[in-house]
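So the protein lines, in turn, are chains A and B. Just so you know, we're using the numbering used here here: the first sequence kicks off at 1 and counts up by one. Just so you know, we're using the numbering used here here: the second sequence kicks off at 1 and counts up by one.
Read the hints as simulated data drawn from the structure, not as lab findings. You may find that some hints are simply not true.
Counterexamples of contact, computed for chain B against chain A with all Cβ distances above 10 angstroms [said to hold, decoys possible]:
#, residue
1, P10
2, I18
3, S26
4, A48
5, Q59
6, D62
7, Q79
8, S84
9, R89
10, F140
11, S159
12, E210
13, R264
Pulled a few chain B residues facing chain A out of the computed Cβ check, cut under 8 angstroms [stated by the list, open to error]:
#, residue
14, Q80
15, A136
16, V137
17, V145
18, L238
19, A257
20, V273
Glycine included, C-beta positions come from ideal geometry on N, C-alpha and C.
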Amino acid sequence: MTMAADIRPGGGALMRRLWRGGSSKASLLFLGLIVLCAVAPSLLAPFDPYQQDLTKRLLGPVFSERYDAAHLLGTDQLGRDVLSRIIHGAQITLLVSALAVAVSAIAGTVVGLFAGYRGGWIDLVIMRIIDMQLAFPVMLLVIAVVAVVGPSLVNLILIMGLSGWPRFARVARGSVLSAKEMDYVDAARAVGTGRWRIMFHHILPNIMSALIVYASFELARMILLEASLSFLGLGVQPPIPTWGGMINDGRQYIFQAWSVSFFPGLAILALILTFNMLGDDLRDALDPRLANE
Amino acid sequence: MIRRLLATVPVLIGISFISFALIYLSGDPTDFLLPVNTPEETRRAFRAAQGLDQPFLVQFLDFLAKAITGDFGTSLRFQQSAGSLVWERLGATGELALAAMVIALAIGIPGGTIAAYRYGSVTDRAVRAISLLGQAVPNFYLGVVAVIVCAVWLRILPSGGRGTVEQLILPAFTLGFGLVALIARVTRSCMLDALRQDYIRTARAKGLGENRVVWKHALRNAFIPVLTIIGLQFGLLLNGVVVTEIVLSWPGIGRLAIQSIYARDFPVVQTIVFLSAFTFVMLNLMVDLLYVVLDPRISYK
Chain A
1 MTMAADIRPG GGALMRRLWR GGSSKASLLF LGLIVLCAVA PSLLAPFDPY
51 QQDLTKRLLG PVFSERYDAA HLLGTDQLGR DVLSRIIHGA QITLLVSALA
101 VAVSAIAGTV VGLFAGYRGG WIDLVIMRII DMQLAFPVML LVIAVVAVVG
151 PSLVNLILIM GLSGWPRFAR VARGSVLSAK EMDYVDAARA VGTGRWRIMF
201 HHILPNIMSA LIVYASFELA RMILLEASLS FLGLGVQPPI PTWGGMINDG
251 RQYIFQAWSV SFFPGLAILA LILTFNMLGD DLRDALDPRL ANE
Chain B
1 MIRRLLATVP VLIGISFISF ALIYLSGDPT DFLLPVNTPE ETRRAFRAAQ
51 GLDQPFLVQF LDFLAKAITG DFGTSLRFQQ SAGSLVWERL GATGELALAA
101 MVIALAIGIP GGTIAAYRYG SVTDRAVRAI SLLGQAVPNF YLGVVAVIVC
151 AVWLRILPSG GRGTVEQLIL PAFTLGFGLV ALIARVTRSC MLDALRQDYI
201 RTARAKGLGE NRVVWKHALR NAFIPVLTII GLQFGLLLNG VVVTEIVLSW
251 PGIGRLAIQS IYARDFPVVQ TIVFLSAFTF VMLNLMVDLL YVVLDPRISY
301 K
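Start from the sequences and build out the full structure, keeping to the hints where you can.
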């Protein structure tokens with residue numbers, strides 16, 4: 001269609017290019033495993049995550065002194081299987097963070113496209129608002145808002161999503177500023193294409209790669225935010241298993257059974273690491289010129 | 001310079017507006033300030049006395065006027081002004097943040113510089129691995145792991161509290177680790193860039209020692225982006241403060257914020273949100289002004 005579009009590989013080619021890199025193969029496989037955990041947790045989990053057994057409280061993992069071979073990673077303060085709760089916890093983590101990123105990506109992209117394309121005072125005002133929101137220590141603000149409106153699933157997704165829109169708006173606006181000087185935009189304007197059609201049909205596809213890379217990093221950030229909120233007791237409420245909530249539960253028993261807090265954290269760490277590395281690899285795959293940065 | 005200063009005014013008004021709206025939306029204060037069975041007339045009288053029956057904008061301007069004089073209302077939990085309550089805890093948080101920043105700078109800048117100078121070496125790869133990890137590990141988890149290793153397994157450090165130097169080590173490390181990673185990464189990439197410049201070749205050509213070239217000429221030029229990051233990362237530090245203080249029972253404003261949220265003590269929450277955003281804006285301003293000192297080419301017209 002256009003020159004800018006030609007250097008961008010299609011979906012299949014992109015996946016192949018990603019797959020070829022050794023580190024991204026590992027991150028894609030791990031991501032696949034976590035998605036499987038989120039979609040069909042009962043298939044993988046050895047136990048029901050809600051099933052309590054007070055005779056088997058606070059068992060250690062299999063390599064520790066006090067263990068039960070059935071519970072690979074031990075049990076928590078109510079005798080629930082830690083591994084099963086980690087597997088089921090993937091659901092909330094992925095659901096909340098993916099939808100929150102979707103909310104911020106859509107809101108931010110529309111606003112950023114509009115600001116960048118229109119320019120002038122509208123751009124100036126929107127940039128001021130973006131600066132202002134970025135000036136807020138996001139987590140404290142999100143914590144305060146969640147505390148005011150209550151931590152329901154929908155509230156969490158909306159608040160987390162709206163906390164992230166300025167970053168997307170900035171990326172979208174920056175890319176639009178360079179894309180709108182391209183010849184194909186001039187050409188579209190010359191044949192009388194409407195403003196919205198130019199924005200969404202001509203410019204958006206060309207800044208998509210920048211947004212996809214950014215979304216991967218944002219996913220990592222949202223997972224961190226969700227984990228922090230549920231750690232503070234402001235995420236999805238118990239008894240639904242969340243990784244952050246499990247760490248907090250285990251904290252009170254840390255001297256008896258360190259494993260209750262330890263393993264859910266590894267899952268968070270690994271997933272954040274995965275999205276960060278995937279973001280790096282995506283950036284390299286989509287734009288070979290940036291490969292060395 | 002004047003324009004840069006003026007640009008902060010709308011931002012400051014904006015953050016006060018958000019802090020205020022937060023409390024305004026939190027519901028009718030008479031519900032949790034007065035006993036449940038209070039008759040409606042008493043409630044109305046209370047609202048009138050507190051100015052709660054005024055329109056939104058009037059209440060906001062009133063809040064703004066009081067906030068300028070440092071009056072943020074009274075804590076609902078303690079019979080004490082919210083401002084002084086936060087002020088009391090500020091020292092503890094300041095101590096923690098300062099210790100974390102010192103750790104981050106003391107490790108991050110030399111680490112990043114050496115990694116750039118010995119590009120591709122073991123040190124470089126170690127610095128890169130640590131930065132990747134530092135970006136990914138949640139602060140609260142790092143704190144929990146630090147407690148598991150140092151307090152549960154090795155029993156060499158206390159698991160919380162404030163007072164002794166031993167008690168400062170774990171929280172400062174927990175809070176500083178993410179910053180170490182970030183500062184090392186930015187220093188590394190800026191130094192890589194700086195070391196390729198012509199003036200470095202000139203400095204070497206005129207016979208300056210390697211140490212002087214690297215640590216003075218290159219680092220000074222690489223320092224500006226690092227400074228920006230440090231300024232901008234105050235927000236990150238503050239996010240970290242909240243969970244670090246919770247995990248390691250550090251009696252600062254982060255822990256106060258969470259406790260106040262649990263107790264629905266909104267004036268205190270409002271004060272903390274407002275003051276932290278205010279501090280963040282001021283730090284950004286200071287960073288911008290410091291540029292002018294560090295790089296004479298930049299000026300704010």
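Interface exclusion of A48 (chain B) relative to chain A, criterion Cβ beyond 10 angstroms: holds, 24 angstroms
Exclusion check [S84 (chain B) not at the chain A interface, CB over 10 angstroms]: Consistent with the label, S84 (chain B) stays out of reach of chain A, its closest Cβ about 20 angstroms off (over 10 angstroms).
Chain A contact restraint on V137 (chain B) - CB to CB distance below 8 angstroms: At 5 angstroms from the nearest chain A Cβ, V137 (chain B) passes the 8 angstroms test, so the hint holds.
Proposed interface contact between V145 (chain B) and chain A, which counts if any beta carbon pair is under 8 angstroms: holds, 7 angstroms
Restraint satisfaction for L238 (chain B) [CB to CB of chain A, less than 8 angstroms]: holds, 4 angstroms
Interface hint compliance - V273 (chain B) to chain A, C-beta minimum distance less than 8 angstroms: Holds, about 6 angstroms.
Residue hint Q80 (chain B), partner chain A, criterion CB-CB below 8 angstroms: Violated. Min distance 20 angstroms.
Claimed clearance of chain A by R264 (chain B), with the beta carbon kept past 10 angstroms: violated, 8 angstroms
Chain A contact restraint on A257 (chain B) - CB to CB distance below 8 angstroms: With a closest approach of 6 angstroms, the A257 (chain B) hint holds.
Least C-beta distance from R89 (chain B) to chain A larger than 10 angstroms: holds, 14 angstroms
D62 (chain B) non-interfacial with respect to chain A [C-beta, more than 10 angstroms]: Non-interface label stands for D62 (chain B): nearest chain A Cβ at 20 angstroms, farther than 10 angstroms.
Status of S159 (chain B), Cβ more than 10 angstroms from any chain A Cβ: violated, 8 angstroms
In the structure shown, a violation is registered for the earlier hints numbered 1, 2, 3, 10, 11, 13 and 14, in ascending order.
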